[in-house]
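Number of protein chains: 2
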Amino acid sequence: MTDRVYNFYPGPATLPLSALKKAKEELLNWNGTGMSVMEISHRSKEWDNALNEANLLLRKLMDISDDYTILWMGGGASTQFYQVPLNLGLEGRPMEYVNTGRWSTKAIAEAVRFGEVRTVASSEDDDFKYIPKDVSFSDGAAFAHITGNNTIYGTEWHEWPDTDGDVPLVSDMSSNLMDRVTDVKKFGAIYAGAQKNLGPAGVTLLIVREDLLGRVPDDTPSMQKWITYHKKNSMFNTPPVFNIYMCKLSMEHLDEIGGVKAQEKKNRKKAELLYDVIDSSDGFYEGWARKEDRSLMNVSFRLPSEELEQKCVEEGAKRGLIGLKGHRSVGGMRASIYNAMSIEGVETLTKFLTEFKEKHE
Amino acid sequence: MTDRVYNFYPGPATLPLSALKKAKEELLNWNGTGMSVMEISHRSKEWDNALNEANLLLRKLMDISDDYTILWMGGGASTQFYQVPLNLGLEGRPMEYVNTGRWSTKAIAEAVRFGEVRTVASSEDDDFKYIPKDVSFSDGAAFAHITGNNTIYGTEWHEWPDTDGDVPLVSDMSSNLMDRVTDVKKFGAIYAGAQKNLGPAGVTLLIVREDLLGRVPDDTPSMQKWITYHKKNSMFNTPPVFNIYMCKLSMEHLDEIGGVKAQEKKNRKKAELLYDVIDSSDGFYEGWARKEDRSLMNVSFRLPSEELEQKCVEEGAKRGLIGLKGHRSVGGMRASIYNAMSIEGVETLTKFLTEFKEKHE
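Which chain is which? The protein sequence lines are A and B, in order. First residue of the first sequence: 1, per the numbering used here; consecutive thereafter. First residue of the second sequence: 1, per the numbering used here; consecutive thereafter.
Hint data in this document are derived by calculation from the structure and do not stem from the laboratory. Just so we're clear, the structure is a prediction, and the values are computed from it rather than from any experiment. Do not take every clue at face value.
Cβ pair distances, simulated, as ranges [said to hold, decoys possible]:
#: 1; chain 1: A; residue 1: R118; chain 2: B; residue 2: S136; range: 33 to 39 Å
#: 2; chain 1: A; residue 1: N31; chain 2: B; residue 2: E286; range: 23 to 29 Å
#: 3; chain 1: A; residue 1: M235; chain 2: B; residue 2: D127; range: 23 to 29 Å
#: 4; chain 1: B; residue 1: R59; chain 2: A; residue 2: D279; range: 39 to 45 Å
#: 5; chain 1: B; residue 1: N233; chain 2: A; residue 2: R113; range: 32 to 38 Å
#: 6; chain 1: A; residue 1: K311; chain 2: B; residue 2: E25; range: 55 to 61 Å
#: 7; chain 1: A; residue 1: E347; chain 2: B; residue 2: K21; range: 33 to 39 Å
#: 8; chain 1: A; residue 1: R113; chain 2: B; residue 2: E91; range: 38 to 44 Å
#: 9; chain 1: B; residue 1: L56; chain 2: A; residue 2: D134; range: 50 to 56 Å
#: 10; chain 1: B; residue 1: G214; chain 2: A; residue 2: G283; range: 49 to 55 Å
#: 11; chain 1: A; residue 1: N49; chain 2: B; residue 2: E272; range: 48 to 54 Å
#: 12; chain 1: A; residue 1: D218; chain 2: B; residue 2: E292; range: 50 to 56 Å
Below, a list of computed lysine-lysine pairs in the BS3-like style, where the Cα atoms sit at most 30 Å apart [stated by the list, open to error]:
#: 13; chain 1: A; residue 1: K351; chain 2: B; residue 2: K357
#: 14; chain 1: B; residue 1: K45; chain 2: A; residue 2: K45
#: 15; chain 1: A; residue 1: K21; chain 2: B; residue 2: K311
#: 16; chain 1: A; residue 1: K24; chain 2: B; residue 2: K21
#: 17; chain 1: A; residue 1: K45; chain 2: B; residue 2: K21
#: 18; chain 1: A; residue 1: K232; chain 2: B; residue 2: K129
#: 19; chain 1: B; residue 1: K232; chain 2: A; residue 2: K45
#: 20; chain 1: A; residue 1: K231; chain 2: B; residue 2: K106
#: 21; chain 1: B; residue 1: K266; chain 2: A; residue 2: K22
#: 22; chain 1: A; residue 1: K357; chain 2: B; residue 2: K357
#: 23; chain 1: B; residue 1: K266; chain 2: B; residue 2: K24
#: 24; chain 1: A; residue 1: K106; chain 2: A; residue 2: K22
#: 25; chain 1: B; residue 1: K129; chain 2: A; residue 2: K45
Don't be surprised by glycine CBs; every beta carbon is placed ideally from N, CA and C.
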């Protein structure tokens with residue numbers, strides 16, 4: 001028996017065990033340097049190599065071409081909510097957003113400070129249970145913004161919307177980065193707080209097409225401009241070294257298991273296992289999201305009563321199934337099954353849910 | 001024999017060994033939760049407790065009164081270079097800075113975007129080898145800004161300048177936070193990137209008087225406003241959990257050895273050991289900073305030739321004394337002896353420097 005639990009928290013979330021073990025093993029002496037990776041200068045040759053390796057590995061895993069740059073930043077995806085309009089906005093051209101829930105709403109709230117924002121589609125009319133279809137953006141938009149996956153409601157874009165060639169599509173992929181094979185070329189920019197599919201909290205990844213970096217006004221504070229990070233390979237100032245290192249270990253794990261394609265297969269299997277329990281429960285478990293828009297990463301569902309929901313969360317916890325309480329805005333339960341969640345973990349959960357239903361229906 | 005080196009890097013820098021050992025021990029199972037501290041939800045009761053404990057410990061160590069708030073942020077001190085003028089600037093009132101070197105210069109360069117900046121004193125006339133004396137700020141200034149310690153030149157403020165009661169004194173203390181007993185009440189705000197005296201890179205500490213939080217314009221993006229962090233106990237969005245946790249472990253070590261007072265005594269001893277070698281070397285080693293302004297944290301010095309400097313850095317490295325190369329802008333050598341550097345480490349360095357001199361003078 002392990003003393004580790006199955007962690008279904010929505011983020012920060014479970015990390016690959018092999019990455020944690022490696023980090024533990026070399027925590028006092030990294031890479032033969034005689035110091036922790038937390039202690040080494042970011043200007044050292046050793047760290048420079050590690051950062052470049054992390055970038056190369058990400059390029060390999062996501063098949064990122066050379067016209068895109070990879071940036072590592074602090075401040076979380078919430079910081080990008082204002083940095084996206086600041087860096088990609090264009091005088092006199094609207095910024096267009098699709099509102100699929102809480103995180104889109106927050107992104108829009110920051111963008112309105114920077115110019116005209118148009119919400120071109122929204123699923124608010126049905127409590128964000130779906131992803132709007134046939135979304136179209138204006139040809140003259142500065143950029144088009146979506147939230148790739150919606151952690152609270154458990155919805156996910158399965159087909160990326162089209163934009164006119166000149167309108168860069170931007171996605172917050174904090175909770176679905178590398179959950180399946182994604183054509184980066186469809187996007188002008190992808191950003192992601194690390195703490196779901198990539199690593200620990202404290203670092204944000206930005207993948208952006210280089211030709212877009214020149215849009216930002218020159219007199220913008222240095223740390224608000226993406227181009228500042230680009231020019232210095234994310235080391236204009238001291239980056240979150242340990243956090244990037246953990247992302248690297250996590251990506252090494254992903255590479256070892258066969259990359260994003262293998263991960264996607266595993267993710268589809270995990271999601272299928274869990275949605276099957278819901279769909280075959282004769283209404284005891286009721287999924288929040290519409291079936292066609294269900295997330296591979298977050299499975300949100302309700303039980304017949306709040307009492308049963310609370311009981312289910314508590315009994316799950318006793319069995320080492322942690323973090324199953326739903327977000328307060330939709331209630332119920334939510335199992336977050338990010339890349340690092342094992343099939344075994346999901347099977348343990350489905351077994352528990354099946355037994356719980358039999359006992360309480 | 002240990003496989004650890006003595007790490008004199010200017011930051012990221014050496015951390016307390018006990019903190020690293022504790023982190024290693026519980027890296028896969030923190031606090032009996034069955035998960036890493038990197039994996040637990042920042043909304044969990046366990047993390048909430050840990051964050052509050054970290055804040056209480058900092059209040060104890062620095063004797064911070066209740067009219068100050070403690071904020072943990074991402075983005076490094078460089079982010080504060082623009083957030084200080086943004087959050088503390090006042091319409092029609094100048095922002096006054098003392099320029100003591102590279103980091104002050106960078107802070108000033110960001111501030112000019114936000115209003116009138118006056119550099120009221122500077123040591124640029126003598127290559128930043130000293131701290132200006134008898135500095136006075138205008139009564140009507142929005143705030144007065146200093147850089148508490150200057151890592152490159154090895155100078156440090158030993159007496160804080162006075163400001164009019166209404167003019168908040170702001171200090172970048174990235175490289176001298178808690179290096180000696182400091183009266184926080186002298187300051188309106190203190191900020192510090194963690195990676196020298198507090199923890200690993202990736203988190204920035206801000207200690208600010210609460211009454212100053214209302215100055216920022218309402219329509220400022222949420223993540224740029226200190227008040228956003230204050231209202232949510234640094235958890236408006238996901239904070240850099242692991243980085244804060246490491247700061248906590250590091251502070252626990254500081255508390256165990258007797259707090260800042262005991263640390264100051266140790267720091268003075270370390271600095272004395274090293275400056276003594278320089279001063280008694282008959283000019284073989286030449287300190288960069290004027291004696292009265294010497295830093296307790298960074299000891300910058302030159303040797304008779306660049307060849308000898310390079311040789312000294314290389315031979316030091318062979319003996320496990322790492323990171324002694326000076327910053328390119330002043331050249332020579334620099335030993336950064338932050339709080340976590342042991343007296344034993346400094347003694348090993350002084351022994352080496354003494355032998356090196358005997359061999360090469």
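The hints, checked one at a time:
1. A hinted range of 33 to 39 Å for the beta carbons of A:R118 and B:S136 is inconsistent with their spacing of about 52 Å.
2. For the pair A:N31 and B:E286, the beta carbons lie near 35 Å from each other, so the given range of 23 to 29 Å is not met.
3. Between A:M235 and B:D127, the C-beta spacing of about 25 Å keeps the proposed range 23 to 29 Å intact.
4. A C-beta distance of roughly 52 Å is found between B:R59 and A:D279, which places it outside the suggested range of 39 to 45 Å.
5. Distance hint check for B:N233 and A:R113: the Cβ-Cβ separation is about 24 Å, which falls outside the suggested range of 32 to 38 Å.
6. At roughly 35 Å, the beta carbons of A:K311 and B:E25 sit outside the given window of 55 to 61 Å.
7. For the pair A:E347 and B:K21, the beta carbons lie near 36 Å from each other, so the given range of 33 to 39 Å is met.
8. Separated by about 19 Å at the C-beta atoms, A:R113 and B:E91 break the suggested range of 38 to 44 Å.
9. Hint check: B:L56 to A:D134, Cβ distance near 54 Å, so the stated range 50 to 56 Å holds.
10. For B:G214 and A:G283, the hinted distance range of 49 to 55 Å is satisfied, since their beta carbons lie about 52 Å from each other.
11. For the hinted restraint 48 to 54 Å between A:N49 and B:E272, the CB-CB distance of approximately 38 Å leaves it violated.
12. Checked against the given bound of 50 to 56 Å, the beta carbons of A:D218 and B:E292, roughly 41 Å apart, lie outside it.
13. For the suggested pair A:K351 and B:K357, the alpha carbons sit about 72 Å apart, so the restraint of at most 30 Å is broken.
14. In summary, the hint linking B:K45 to A:K45 is not supported, as the alpha carbons are separated by about 40 Å, beyond the 30 Å threshold.
15. With a CA separation close to 38 Å, the supplied pair A:K21 and B:K311 exceeds the 30 Å bound.
16. Proximity of A:K24 to B:K21 is assessed by CA-CA distance (about 10 Å); at most 30 Å being required, the pair is judged to hold.
17. For the hint pairing A:K45 with B:K21, the CA-to-CA distance comes to about 25 Å; that is within 30 Å, so the pair holds.
18. A threshold of 30 Å between alpha carbons decides the hint, and for A:K232 with B:K129 the separation of about 28 Å falls inside it, so the pair holds.
19. Annotation: proposed proximity of B:K232 to A:K45 is violated, straight-line Cα distance about 39 Å (limit 30 Å).
20. Distance check on the hinted pair: A:K231 and B:K106 sit about 17 Å apart at the alpha-carbon level, within 30 Å; holds.
21. Under the criterion of a C-alpha separation no larger than 30 Å, the hint pairing B:K266 with A:K22 is inconsistent with the structure, at around 34 Å.
22. Between A:K357 and B:K357 the alpha-carbon distance is near 79 Å, which puts this suggested pair outside the 30 Å criterion.
23. Proximity of B:K266 to B:K24 is assessed by CA-CA distance (about 26 Å); at most 30 Å being required, the pair is judged to hold.
24. With a CA separation close to 36 Å, the supplied pair A:K106 and A:K22 exceeds the 30 Å bound.
25. For the proposed pair B:K129 and A:K45, the alpha carbon gap of about 29 Å is at most 30 Å, so the pair holds.
Violated hints, in rising order: 1, 2, 4, 5, 6, 8, 11, 12, 13, 14, 15, 19, 21, 22 and 24; the structure is consistent with all others.
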